[in-house]
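Visitor: Spelled out, the chains give:
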Amino acid sequence: MTAFIERRPFWSFIILVAAALLVWAIFAPWPSGLTGLIGKKKVFLSALFNGVTLGALYFLVASGFTLIFGLMKNVNLAHGSLYMLGGYIGYEVADFTGWWILSFIAAFVVVGALGIILQYVVFRRMEGEDLKQTLVTIGISIVLADLMLWVWGGDFYQILAPDWLSGPITLPLVTAVKSSGQVVFLKYPIVRIVILIASIAIGILMWLALNKTRIGMLIRAGVDDREILSATGVRIQRVFMLVFAFGAGLAGVAGVVGGTFQSIAPGEDTRFLLASLVVVIVGGMGSIPGAALGAVVIGMAEQFGSVYFPTYSVVLTFLIMVLVLAFRPQGLIASGR
Amino acid sequence: MKRLLMTTVAAGAVFAATAAFADSIKIGFMATLEGTYTVLGEDGQRGFEIAMREAGRKAGGKDIEVIVGATDASPESALRAVRKLVEQDKVDIIVGPLSGSEGIALRDYAKTQPQVTIVNGISGAQETTFVDPAPNFFRFNMDGAQWGAGLGEHVFNTKGWKTVAAVAEDYSFGYTNFLGFALGYCNAGGKITERLWVPLGTKDFASIIASLPDDVDALYLGLGGGDAVNFLNQYQQAGGDAALIGGTIMVDGTVLSSKGNAKKALIGTPSSGPQADTWDNAKWQGFIKSYQDAFPPEKRFPSPSLLATGYYNAANAALTCLNETGGDLSDGHKKFRGCLANLELDAPNGKITLDGNRQAIGSNFVFEVFEQDDGNLGTKMVTKIDNVNQTLGLDEAKFRELGLPSRDIVQCN
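Chains as they are written, first to last, in the working numbering: chain A, 1 to 337; chain B, 1 to 413.
No lab work stands behind these hints: they were computed from the structure. Don't take each hint at face value.
To be verified - Taking lysine to any residue and the SDA-like style, the derived pairs with C-alpha atoms no more than 25 angstroms apart in a straight line are:
(1) B:264 with A:40
(2) A:73 with A:234
(3) B:264 with A:92
(4) A:40 with B:239
(5) A:187 with B:187
(6) B:203 with A:4
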């Protein structure tokens, strides 16, 4: 931290000022001049929080994607289909048992198992053959999409969250002070807060698992140099399978999350594949912190774009990607090498 | 050598003869059977199929041969499909397309293929028949603006909602459908204080919901499909409780039959469109029945969507005129087109005639969403407005003065 400040005094100052401004914008009631300039504080705060929660969803999808890429150099273009399958399975389980929590476990297990099958039956046979993998994963995603259309049809599925998660909660953040002196607090959907907390927890657990456990050490070693790792006697195929299962399972869990606060329908697979590609390109291929940063950046861009310049919000995401590719092609946080 | 020549000539003659006295008529069916609108296209196909079954796949004493062209709602895919149908399969008549911008693409294509007659499926862009229409393009469904007719007056006069904010999709159908509502609402004296145009395919509305004004009587929602379901879901999660007004595709079968609780937010919501489930007209109820009998429950909506009705009407118009002309298209479709232009189609959703641009004049329904006994949502008719024409009752010059539908057409803030 201090080293960074000494090395880059100017940028540290800018970052500090920006952070201070943000904190002020979140906690202080806005003067009327600012409201006139960029609209109500409620809108700004909501966009900020929604950007973070949407980022949390993107992180869940993209972290599995980037983990698989980092270790196996395998661009799995069927990742979006795994997301969608997770959503459908989550719906069926939640609808049948009435247990929302159970749908996460079911989606993780089923989609993770599918990941193992994919890795064992398909990808193991084409290690290091990029073009083949790309074409085969596109093929798999088309087949999966059609199979899901066959089973679940084209309807829109929304996973029912339990009652205690529906409706809004009042946050201790002041959005406005009425002329009568009455203070207005921000109201925010509970379900999004829960999803945000859960995503952060998953992120931290993943970081701990990667950095503090033996299996994490193996994975990191594999990312750096898998030939040497397998030469030391590690059964690298098992590590691959484990990572693939975990990455796929995360996509399945993300499907349940997405199905809860958005909806599941044909076409969502490509949408989330595209989102995770953009997130991973912005954040840096193969890096978990990169995926987190990229996800938040893209989520923010979408939400702020949707309220402040709706016509161009779609372009904004890709503009960020283009800028990153132009000036920092390895991504905002590049992986080890 | 001579013999071979003779055979060739004979074979050629036979071939020419079959072409001239063909006893079958080829109809190309086009709908969105791929991509996001697949479900809609499939329901359109159901409507078409019912008409074909009722006619016994014959018209004017000739067999009908149907060739299907799948599109994905993009104008390029529509052009690809129609080129294949017209230039390769040599169809005589096209029934389709489904989506607005496909219709505009087909209008332009129709001008290059005068030997073909196109009967529009259900595409609802105003421009298709209002700006530079094609002489061989007929549309027996009303456009998006006509589908909004009557809703504004109902909301202002009966519901007493004096101010409205609108959230709608930022593309031609969104503008057109909103125009129909806004024209009536503004003329009745209502105020539209804010319009939020969101890109088609928006899935996370949380921030837009937060920026909606609190001080309006109701919200107009001009969203469709997954966007509509997501909006309703997130609106409930945010604790929204304003009264809602639905655009035509906000309350169609795809949204009303979605899985989950989001759609429940629509109960009691007024909306408008070319049909209403509970209309107690024998022909309409009969059509619902034949739709329900024709397909098993898991392969259809609880009741026909406006897409099924639209394609049913289009196919029936074509079949009726083929019967009238004895299936004779040899005069360059002259008699056939004359029949279409003057046809009074006795459709299940009211009588339909065409104006000088070959655009439908028909009945529009204002209805409210209600929960049926079996838990499904349906549409309960409130009023029916007859003879809704493309200029919504204004004279044409005045209507053109408003401008083509866009974000800011018909202001009343």
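Visitor: Against the 25 angstroms threshold, does the CA-CA distance of residue 40 of chain A and residue 239 of chain B hold or violate the hint?
Guide: Satisfied, since the Cα-Cα distance of roughly 19 angstroms is no more than 25 angstroms.
Visitor: Given the hinted pair residue 187 of chain A and residue 187 of chain B, is their alpha-carbon gap at most 25 angstroms?
Guide: The given pair, whose Cα atoms are some 36 angstroms apart, is violated under the 25 angstroms limit.
Visitor: Is residue 203 of chain B close enough to residue 4 of chain A, meaning Cα to Cα at most 25 angstroms?
Guide: The given pair, whose Cα atoms are some 39 angstroms apart, is violated under the 25 angstroms limit.
Visitor: Taking only the CA atoms, is the gap from residue 264 of chain B to residue 92 of chain A under or equal to 25 angstroms?
Guide: Satisfied, since the Cα-Cα distance of roughly 20 angstroms is no more than 25 angstroms.
Visitor: For the pair supplied as a hint, residue 73 of chain A and residue 234 of chain A, confirm whether the alpha-carbon distance does not exceed 25 angstroms.
Guide: 18 angstroms, holds
Visitor: Are the Cα positions of residue 264 of chain B and residue 40 of chain A separated by 25 angstroms at most?
Guide: 30 angstroms, violated
When each numbered hint is compared with the structure, violations occur for hints 1, 5 and 6.
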